[in-house]
Amino acid sequence: MAVEIPKRLEDLPTSARRWVGRHVQRREDAALLTGRTEFIDDVVLPRMLHCAILRSPFAHARVVKVDTREAESLPGVVAVVTGEDALRWSHPAITAPDGWGTHCIAAQKVRYVGEPVAAVAATSRYEAEDALERITVDYDPLEVVADPFRAMEESSPLVIEEKGTNVMLQRVFTWGEVDRAFADAAHVFTEKFRWNRVGANPTETFGAVCEWDPMSLDLTVRGSIQSASHFGLGRAATFGLPSNKVNVKSHPHGGSFGGKGGTRGTDIACMLSRKAGGRPVKWIEDRMEYLVSGGSQAWDRHYIASIAVDGDGRVTGLDVKLVDDLGATGEGYGAISAAKPLAAFTGPYTIPVARYDLTLVATNKLPASPYRGMGPPPHFFVLEQLMDIAARGLDIDPAEFRRRNFIPSDRFPYTIPSGNEYDSGSYEEVLDKALDLAGYAELRRQQAAAREQGRIVGIGVASAIEPGVFDWNAYAVVGMQGTGVPEGATVSIDVLGMITVRVGFAMEGQGQYTLVSQLVADYFGVEMDAVRVVQLDTQSAPPSFGPGGSRLGVAITGAVLGACERIREKMCAVTARLMQTEPANIELRDGKFTVKGMPGAEMSVPEVAGTMLARSDLLPPDVDPRPEATHVWTAPGRAPADEEGRAKSYLTAAQAVHVVGVEIDPDTGFVEIFKYVVCDDCGTRLNPAVVEGQTEGSVAQGVGVALYEEYVYDEEAQPLTTTFMDYLIPTVNEVPAMEKVAVVTPSPFTPLGAKGCGEGAIHTTPAAVMCAVNDALVPLGVLAREVPAAPKRLWKLIRAARD
Amino acid sequence: MPEVAAARKIRLKVNGVAHEALVEPRTTLADFLRGGLALTGTHVGCEHGVCGACAVLVDGTAVRSCLMLAVQADGAELMTVEGLAESDGKLHPIQEAFVEEHGLQCGFCTPGFLIAIYELLESDPSPSEEAIRDVLGGQMCRCTGYQSILRAVHSAAAKLGAARSASATPGA
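Protein chains in written order, with the working numbering: chain A, 1 to 803; chain B, 1 to 172.
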């Protein structure tokens with residue numbers, strides 16, 4: 001049955017929309033504010049044990065011997081596992097590219113500091129940690145490789161010997177006649193850039209409670225898990241279990257941002273449960289474990305990039321060479337981050353040809369994980385610095401230079417050289433509104449005056465694309481398979497007309513349960529609070545991926561509205577029978593089924609539902625009597641990628657312009673942001689309050705990566721940033737006040753015209769802040785090429801320029 | 001490895017309820033509240049005193065319960081996030097302000113913020129922007145970017161101020 005999902009707000013069956021598109025309060029909040037939401041560490045099960053993990057202090061070493069006898073004899077200790085158990089009971093992690101996974105506990109050798117070597121399950125966490133101190137491990141240290149360029153040399157030690165190389169992937173993607181574009185260019189600008197490791201750091205670390213049923217061999221995993229179904233498939237592969245034997249129940253979690261990680265700890269807790277005769281085992285990662293060995297680190301990138309520009313200031317080619325240090329294994333899907341820029345390679349510009357020379361390298365650092373935005377944020381940092389360098393080289397204002405190169409509004413849908421199609425946009429309008437709100441001309445005057453006084457003041461104008469609604473085909477180039485990412489929802493109306501929606505994902509912070517309630521309330525004309533939203537585990541839920549790749553708002557809107565449409569069709573058939581007319585004559589409006597052209601001939605939703613469930617005698621003979629339907633939505637028009645990685649991948653392309661003003665203290669190198677303006681266009685805003693919250697939070701994370709956050713390793717790959725005293729998360733005093741304005745260009749392809757917007761500003765903020773920093777440094781003749789632009793770096797640059 | 005010291009008996013009041021418990025001296029206050037008293041609204045974010053998620057009031061002062069031992073709270077009166085709303089479920093004005101201003105997303109850090117703000121507004125009913133930033137500077141939030149939390153603090157101060165003047169007006 002084909003289902004027509006409303007593409008515009010006006011298509012909803014209501015004459016007075018009360019919830020969708022309105023600034024509504026979140027229904028998640030009361031439980032969260034009173035401490036009643038059940039996070040994973042709040043879960044207590046009968047007979048539950050607590051896990052602690054012993055981790056390697058070496059970045060690269062043979063594991064000669066692990067002696068656990070003393071630990072096993074301690075009171076309270078129930079089970080101990082080592083690499084031998086992992087070899088016996090589990091498979092190496094599945095990775096993309098294929099074959100770069102290892103076991104969850106190191107067996108023969110450790111490959112990074114923090115890699116698990118043994119673990120204990122005891123009756124309390126305190127006892128489990130005591131027991132770790134009684135385990136002795138003999139290590140035989142090996143030569144360490146901490147630098148990706150060293151790792152690519154013939155003489156380098158190998159991180160995974162069996163592979164015979166440390167290069168996980170090397171490919172050059174060429175889209176169009178790039179060499180000719182550069183040969184014909186009036187100007188070519190080339191620079192090197194360095195993006196240091198940063199990462200998600202949700203306030204809640206990862207946690208799981210695992211139960212291995214020794215009789216049925218069923219595995220149940222409860223956890224703070226971003227994508228329950230995907231996580232379940234991973235566990236089935238690790239343990240060689242049929243996928244229907246693994247049930248995953250995700251709990252509400254304290255943020256994720258892609259970097260929740262947790263697979264190794266989960267697998268270890270599963271093995272401990274197996275050894276403990278099926279007792280549930282809880283593993284809660286602590287913050288130091290997260291920082292050193294969790295899903296905490298992303299994007300360790302070395303770039304050389306060039307743009308070609310013609311005599312009129314139009315960019316005619318982009319050439320990006322990236323060496324990405326993915327750390328010891330491919331288990332964290334760091335490679336996906338390097339592939340994702342294909343979805344928006346040329347940003348918001350009409351750059352006709354491009355090349356991506358991509359090398360993914362293994363070193364003895366923590367395996368890289370995803371982080372909000374997945375890969376474009378560093379790419380756009382590079383592209384936007386090049387845009388500014390070119391604008392300066394041609395003596396064109398950076399805002400004007402961008403305007404000249406923007407994709408014009410009348411050219412959408414627009415296919416970029418790397419194959420993705422942008423759905424819609426109004427880039428010039430977004431730029432104009434941002435410049436207006438910032439008072440751009442006045443800002444430039446103030447800057448000139450400040451420079452007269454010798455102050456180091458800069459203004460950044462940057463624009464980026466947020467690819468929304470991810471598709472697996474975007475990652476084909478690094479070995480992921482599949483097209484389409486289904487998301488399902490079941491809407492049920494009971495005999496009294498009360499509505500329940502069942503979904504397959506947990507609350508994570510983006511207000512999706514509120515969104516589900518908004519949609520159903522407007523569709524059936526009820527109060528938002530009357531709609532109950534229930535989360536199902538993976539053995540009960542319809543197909544679901546959950547949040548990720550700025551997809552869930554759009555995808556769940558499609559699923560919920562699709563299910564509502566299916567119910568409406570059934571109810572129309574029932575109403576038509578009762579009204580003695582044809583279903584085509586019945587319409588739903590404001591919660592009532594009416595006969596067209598016959599005022600007063602109507603039935604309410606509860607009346608129809610009650611008839612379906614309690615008056616079988618009145619039903620048409622062939623009607624399905626359940627006022628219930630499941631709809632599984634997936635993005636239309638997707639197809640597998642071609643040899644050069646080209647595909648319609650991400651369904652939506654949101655766009656933003658940020659204008660940033662900074663002043664750098666010459667004595668300390670500290671950057672103060674005195675102006676921050678955002679104009680963004682993410683299509684229809686289903687709950688503007690939530691969209692703005694995502695924007696503000698994403699700007700904060702973007703400021704963090706641009707100026708403060710950095711995972712530091714020494715030459716022996718020892719992590720030096722192991723606490724929040726070293727890894728600097730922005731506080732209220734580092735995040736600037738923001739002025740915001742929006743443009744709304746609905747997507748022609750999505751439910752209600754909404755675009756993915758959850759990852760949001762982090763696509764633009766690091767680029768914009770760095771544009772401002774480099775604008776400030778122009779009179780000094782130096783360029784900040786490295787992120788974060790921490791005081792130590794800027795201070796050195798400024799001093800070098802002045803000496 | 002030294003032996004674990006013997007458990008000691010402590011008495012304390014949490015959210016107005018008296019408790020008596022045996023605790024190992026090494027048990028942190030956070031673990032005791034969460035595990036011993038099942039008050040799981042207090043969250044642990046870093047366990048080294050930086051993030052502030054685990055803040056609770058001890059004798060009226062906000063402390064990081066991950067850095068304090070349960071035995072140190074012997075004889076104290078505590079308030080946790082569970083003590084803010086009224087028993088009938090009516091939210092405290094600070095909590096209401098958080099709902100209205102969207103001062104939370106995932107909500108994991110929120111209990112710590114609520115406690116810190118409660119302490120601030122008890123001692124300084126109309127705090128300056130600087131005083132607010134000074135207090136919030138000790139609390140980490142990874143979701144909101146803080147702007148909505150700042151708005152919520154101003155709004156909560158106004159709500160509490162209005163409630164005070166209403167109750168101070170004779171005949172009102």
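Be careful, since some hints might not be right.
Okay, the calculated beta carbon distance ranges per label pair [unchecked claim]:
| # | chain 1 | residue 1 | chain 2 | residue 2 | range |
| --- | --- | --- | --- | --- | --- |
| 1 | A | Gly99 | B | Thr61 | 29 to 37 angstroms |
| 2 | B | Gly60 | A | Gly484 | 55 to 63 angstroms |
| 3 | A | Glu715 | B | Arg8 | 46 to 54 angstroms |
| 4 | B | Thr61 | A | Ser124 | 22 to 30 angstroms |
Partial pick of chain A residues on the chain B-facing surface, computed with a CB cut under 10 angstroms [unchecked claim]:
| # | residue |
| --- | --- |
| 5 | Val172 |
| 6 | Asp218 |
| 7 | Thr220 |
| 8 | Gly479 |
| 9 | Gly482 |
| 10 | Thr483 |
| 11 | Met725 |
Don't read these hints as lab results, they were simulated from the structure.
Beta carbons are placed, not taken as given, at the ideal position from N, Cα and C, and that holds for glycine.
Results for each hint:
1. Between A:Gly99 and B:Thr61 the CB atoms are about 56 angstroms apart, so this pair departs from the stated range of 29 to 37 angstroms.
2. At about 57 angstroms, the beta-carbon gap between B:Gly60 and A:Gly484 stays in the expected band of 55 to 63 angstroms.
3. Restraint check, A:Glu715 to B:Arg8: a C-beta distance of roughly 48 angstroms satisfies the suggested window 46 to 54 angstroms.
4. The supplied range of 22 to 30 angstroms is met by B:Thr61 and A:Ser124, whose beta-carbon atoms lie about 29 angstroms from each other.
5. A least Cβ separation of about 37 angstroms between A:Val172 and chain B goes past the 10 angstroms threshold, and the interface hint is therefore violated.
6. Against a cut-off of 10 angstroms between C-beta atoms, the interface hint on A:Asp218 is violated, since the closest Cβ of chain B lies about 27 angstroms away.
7. Proximity of A:Thr220 to chain B is violated relative to the hint, the smallest CB-CB distance being about 21 angstroms (cut-off 10 angstroms).
8. With a cut of 10 angstroms, the hint placing A:Gly479 at the interface with chain B is violated, because the nearest CB-to-CB distance is about 31 angstroms.
9. For A:Gly482, the interface hint is violated, the least distance from its beta-carbon to any beta-carbon of chain B being 29 angstroms, above 10 angstroms.
10. The closest approach between the C-beta of A:Thr483 and any C-beta of chain B is roughly 31 angstroms, which is over the 10 angstroms cut-off, so the hint fails.
11. Here the hint on A:Met725 is kept, as its CB sits about 6 angstroms from the closest CB of chain B, short of 10 angstroms.
When held up to the earlier numbered hints, the structure conflicts with 1, 5, 6, 7, 8, 9 and 10 and fits the remainder.
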